[in-house]
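Asks: Positions in the sequence shown are counted from 1; adding 2 to them yields the numbering used here.
Bear in mind the hints are in silico, worked out from the structure with no lab data behind them.
Misleading hints may appear alongside valid ones.
Stated by the list, open to error - Only pairs whose alpha carbons sit at most 20 Å apart, straight line, appear in this in silico SDA-like list of lysine to any residue:
(1) Lys254 with Tyr216
(2) Lys221 with Asn283
(3) Lys5 with Asn212
(4) Lys264 with Asp294
(5) Lys187 with Asn82
(6) Lys250 with Asp269
(7) Lys17 with Asp305
(8) Lys68 with Thr13
(9) Lys187 with Arg76
(10) Lys239 with Lys285
(11) Lys56 with Lys239
(12) Lys25 with Thr152
(13) Lys25 with Arg76
(14) Lys285 with Tyr227
(15) Lys24 with Asn308
(16) Lys29 with Asn82
(17) Lys254 with Thr241
(18) Lys188 with Ser35
(19) Lys214 with Asn132
(20) Lys64 with Asp172
(21) Lys68 with Ser295
(22) Lys217 with Ile255
(23) Lys24 with Pro14
(24) Lys188 with Lys5
(25) Lys5 with Lys245
(26) Lys29 with Glu72
(27) Lys245 with Lys264
(28) Lys88 with Ser35
(29) Lys254 with His141
(30) Lys64 with Asn176
(31) Lys9 with Tyr216
(32) Lys24 with Val101
To be verified - Between beta-carbon pairs, the in silico distance windows are:
(33) Leu248 with Ser45: 55 to 65 Å
(34) Arg181 with Asp105: 30 to 40 Å
(35) Ser45 with Gly89: 28 to 38 Å
(36) Ser222 with Lys25: 24 to 34 Å
(37) Thr225 with Val32: 54 to 64 Å
(38) Ser157 with Ser249: 48 to 58 Å
Don't be surprised by glycine CBs; every beta carbon is placed ideally from N, CA and C.
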Amino acid sequence: MSKQDTKISTTPAQKNLLDLEKKYFSKLEVIISSNDFQDDLRSIENEIKLNYSKLASTWNVKNKIKVAAERLVRHHVYKNMMDDIKGIYESPISSDLGVVFEDSILCIDCKTLDTKGNSNDIRYTSVEPNQTSFDNSSHKYIRTISNLETRARVSRLPILTYIIKIIYRDDNVNFDISRSTSSGKKPSLILVCIPNGELSNLFSRDLILNFKTYKYYSKSNGTYYTPVPIPASAKDKKTWAEKHCLSKGYIKINIPQTRGSKDIFFDAAHNCYWTYTSEDNTKMVRAVHRGDSMRLNNNDLRDRYNSRNNAWLGYIEMDI
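Make the full structure from the sequences, and use the hints.
Replies: Structure below.
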């Protein structure tokens with residue numbers, strides 16, 4: 003994990019990116035802090051509260067705000083930026099919302115976070131490979147990929163990525179948008195900028211705190227990578243997994259997680275890691291192909307600088 007290093011010299015293209023990321027962050031901040039946006043969010047909250055039992059019985063889904071939240075963000079982005087939008091970003095490998103401007107392409111993901119059972123998730127920013135172009139190649143141990151392009155293939159416009167989070171609490175009886183002044187002391191909204199991949203060297207090519215999910219090798223990658231099921235008779239499944247890996251000569255490595263730590267085992271002969279996991283309620287030992295969903299450090303995303311090394315915040319929280 004690394005913060006933006008202002009001592010590293012930047013190219014003209016990087017300077018332009020640094021200023022563009024600040025420019026559109028400021029525009030999005032104005033949108034989500036506006037009375038119109040926040041009034042609409044309160045209306046969504048009231049709708050869910052008044053119809054909670056019907057929503058719970060009709061849809062039987064935990065996340066009752068997801069669809070409405072995506073509509074909210076899409077509506078207000080188009081409403082406030084329509085005069086400057088030149089078109090849609092056509093690539094399917096992108097965020098929920100992708101729009102083209104004269105100087106860049108804006109990709110915005112709307113995420114909703116239930117603090118009931120997931121309150122620790124607010125301490126980091128989770129992104130999928132399709133939601134970032136950042137190069138995390140310096141991250142220790144587990145490799146990962148970023149599928150989003152740094153620039154559009156034809157126009158070569160830079161792609162800027164942002165996440166808007168809406169924080170709520172649903173305890174299966176009541177629904178409320180969070181407020182930092184309430185008992186939960188969590189913000190209602192979060193806006194964060196994920197640096198473009200062409201700026202990766204300014205962050206030592208590592209923004210990852212840890213991984214939320216992984217992609218694994220399977221038998222289709224070769225018989226050697228066939229998952230090893232743990233016998234049902236094994237009283238301590240993790241202990242069995244550790245003994246199995248050590249018996250193969252793998253090297254045990256303990257890596258920090260958001261809460262606690264995780265053991266992985268380095269297979270030097272095949273340059274990969276094995277770990278204890280489960281699939282379809284079956285406990286097993288599997289070879290890790292790469293990290294998938296990434297947790298990024300909010301503090302590293304917060305402290306940003308433009309082309310003149312003037313500080314700005316790339317991560318903010320607010321209440322409605």
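Asks: State for each hint whether it applies.
Replies: Checked hints:
1. Lys254 with Tyr216: holds, 18 Å
2. Lys221 with Asn283: Roughly 19 Å between the alpha carbons, so the hint for Lys221 and Asn283 holds.
3. Lys5 with Asn212: Holds, at about 16 Å.
4. Lys264 with Asp294: Given pair Lys264, Asp294 holds - Cα atoms ~16 Å apart, limit 20 Å.
5. Lys187 with Asn82: violated, 30 Å
6. Lys250 with Asp269: Judged against 20 Å, a Cα distance of about 8 Å means the pair holds.
7. Lys17 with Asp305: Within the cut-off at roughly 16 Å; holds.
8. Lys68 with Thr13: Violated, at roughly 40 Å.
9. Lys187 with Arg76: violated, 27 Å
10. Lys239 with Lys285: holds, 7 Å
11. Lys56 with Lys239: violated, 42 Å
12. Lys25 with Thr152: Given that 20 Å is the threshold and the Cα spacing comes to 17 Å, the pair holds.
13. Lys25 with Arg76: holds, 19 Å
14. Lys285 with Tyr227: Holds, at roughly 16 Å.
15. Lys24 with Asn308: holds, 7 Å
16. Lys29 with Asn82: holds, 9 Å
17. Lys254 with Thr241: Answer holds: Lys254 to Thr241 is near 12 Å, not above 20 Å.
18. Lys188 with Ser35: With Cα atoms ~16 Å apart, Lys188 and Ser35 stay inside 20 Å; holds.
19. Lys214 with Asn132: Holds, because 15 Å separates the two Cα atoms, which is no more than 20 Å.
20. Lys64 with Asp172: Holds, at about 8 Å.
21. Lys68 with Ser295: This hinted pair holds, its Cα atoms lying about 19 Å apart.
22. Lys217 with Ile255: holds, 19 Å
23. Lys24 with Pro14: It holds: about 16 Å lies between the C-alpha atoms, which stays within 20 Å.
24. Lys188 with Lys5: Since the Cα atoms of Lys188 and Lys5 sit roughly 24 Å apart, the hinted pair is violated (cutoff 20 Å).
25. Lys5 with Lys245: Since the Cα atoms of Lys5 and Lys245 sit roughly 38 Å apart, the hinted pair is violated (cutoff 20 Å).
26. Lys29 with Glu72: holds, 18 Å
27. Lys245 with Lys264: holds, 15 Å
28. Lys88 with Ser35: With a Cα-Cα distance of about 24 Å, the restraint between Lys88 and Ser35 is violated, given a limit of 20 Å.
29. Lys254 with His141: Holds, at about 18 Å.
30. Lys64 with Asn176: holds, 12 Å
31. Lys9 with Tyr216: violated, 34 Å
32. Lys24 with Val101: holds, 17 Å
33. Leu248 with Ser45: 55 to 65 Å: holds, 57 Å
34. Arg181 with Asp105: 30 to 40 Å: Since Arg181 and Asp105 have Cβ atoms about 36 Å apart, the given range 30 to 40 Å holds.
35. Ser45 with Gly89: 28 to 38 Å: Once the Cβ atoms are compared, 30 Å apart, the range 28 to 38 Å for Gly89 and Ser45 holds.
36. Ser222 with Lys25: 24 to 34 Å: The hint (24 to 34 Å, Cβ to Cβ) is violated, given that Ser222 and Lys25 are roughly 46 Å apart.
37. Thr225 with Val32: 54 to 64 Å: Between Thr225 and Val32, where Cβ atoms are some 57 Å apart, the hint holds.
38. Ser157 with Ser249: 48 to 58 Å: holds, 55 Å
Hint compliance for this structure: hints 5, 8, 9, 11, 24, 25, 28, 31 and 36 are not met, and every other hint is.
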